[in-house]
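The primary structure of each chain is shown beneath.
2 protein chains.
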Amino acid sequence: MTKTSAITPHENDLVLTRLIDAPREKLFRAWTEPKLVAQWFAPKPWTISRVEMDVRPGGSSLIVMRSPEGEEFPNPGIFLEVVKNEKIVFTDAYTSAWVPSPKPFMTAIVTFEDEVGKTRYTARARHWNAEDKATHEKMGFHEGWGQCADQLVALAAKL
Amino acid sequence: MTKTSAITPHENDLVLTRLIDAPREKLFRAWTEPKLVAQWFAPKPWTISRVEMDVRPGGSSLIVMRSPEGEEFPNPGIFLEVVKNEKIVFTDAYTSAWVPSPKPFMTAIVTFEDEVGKTRYTARARHWNAEDKATHEKMGFHEGWGQCADQLVALAAKL
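From first to last, the protein sequence lines stand for chains L and D.
Its first residue numbered 913, the first sequence is counted upward by one per residue in my numbering.
Its first residue numbered 913, the second sequence is counted upward by one per residue in my numbering.
Check before you lean on any hint, since a few could be wrong.
Identical copies look the same in the list; a pair holds intra-copy or inter-copy alike.
In silico DSSO-like links for lysine-lysine, alpha-carbon gap of 27 angstroms or less [what the hints assert, rightly or not]:
| id | residue 1 | residue 2 |
| --- | --- | --- |
| 1 | Lys1050 | Lys938 |
| 2 | Lys1030 | Lys1015 |
| 3 | Lys1015 | Lys938 |
| 4 | Lys1030 | Lys947 |
| 5 | Lys1070 | Lys1015 |
| 6 | Lys1030 | Lys1050 |
| 7 | Lys1070 | Lys1050 |
| 8 | Lys999 | Lys947 |
| 9 | Lys996 | Lys1050 |
| 10 | Lys947 | Lys1050 |
| 11 | Lys1050 | Lys1015 |
No lab work stands behind these hints, which were simulated from the structure alone.
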């Protein structure tokens, strides 16, 4: 286990976890290289039309999702903490350093830990209140993030 | 001027700025050494009863203010960016890395810049919305932060 296993759960977390048969390094690449991110980060038939990432604390992230009908949804955010091959923390509370977004919704905490020769992958969506957590769950957090995790696993197998 | 002068104003900022006859290094110390922070961070007759600071991105900050009647008000927060002698950014949106606070209220952006042999000191309280900015202004932002700036100047002159 890496040190990232020490993350304390929070009552407003929605959590997805998988034991993935791929090394941490490949999953971290899939999370941080724009060309790779574009291949798995939206649940198909949605697609990703643009990815810009400055992967460091205070660096901006912009991921634009496109619906099957062609409508685009920009997701601006900022990285708060990056530990290579171990941990990525980002939030939509800022659109760049340090420009507040209209509405802080969540902080994502993604960890990659060694476990029985595989990688324990955990993605937490941590909300500022119970209402936002409930909204996210109703929006289809488990289905959406689950499908993306499947796509991530398929991509990692090809790296 | 240092590179921190590039900060773009935001419509939800409340701003205090002073040209202070003290070097940047002394003002930065007054902002980051707990024993010094305790001497100026609350407008007298309020006092500071406790200061704990882990001055690095992701590090926690806890400043407890005490009213003249002895009531204590904890102010937990987290540092987002620290550039020695130049810039300090912190927010109350998290109480530690990365535990959301009940209500993200503001991000503070403090800069120290060389200007005509003195230091341009600027403290920005940046809010997530216009309502919180208005509330902060009515709470006495200008008077409170202004008095604290006077206390900061007096302390820096003794360092």
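Do the hints match the structure? See the list:
no. : hint                : in the structure
1   : Lys1050 <-> Lys938  : neither (31 angstroms within a copy, 52 angstroms between copies)
2   : Lys1030 <-> Lys1015 : neither (37 angstroms within a copy, 38 angstroms between copies)
3   : Lys1015 <-> Lys938  : neither (33 angstroms within a copy, 36 angstroms between copies)
4   : Lys1030 <-> Lys947  : within (24 angstroms within a copy, 48 angstroms between copies)
5   : Lys1070 <-> Lys1015 : neither (37 angstroms within a copy, 43 angstroms between copies)
6   : Lys1030 <-> Lys1050 : neither (31 angstroms within a copy, 55 angstroms between copies)
7   : Lys1070 <-> Lys1050 : neither (33 angstroms within a copy, 58 angstroms between copies)
8   : Lys999 <-> Lys947   : within (20 angstroms within a copy, 34 angstroms between copies)
9   : Lys996 <-> Lys1050  : neither (32 angstroms within a copy, 44 angstroms between copies)
10  : Lys947 <-> Lys1050  : neither (30 angstroms within a copy, 48 angstroms between copies)
11  : Lys1050 <-> Lys1015 : both (18 angstroms within a copy, 22 angstroms between copies)
Violated hints for the displayed structure, listed by number in ascending order: 1, 2, 3, 5, 6, 7, 9 and 10.
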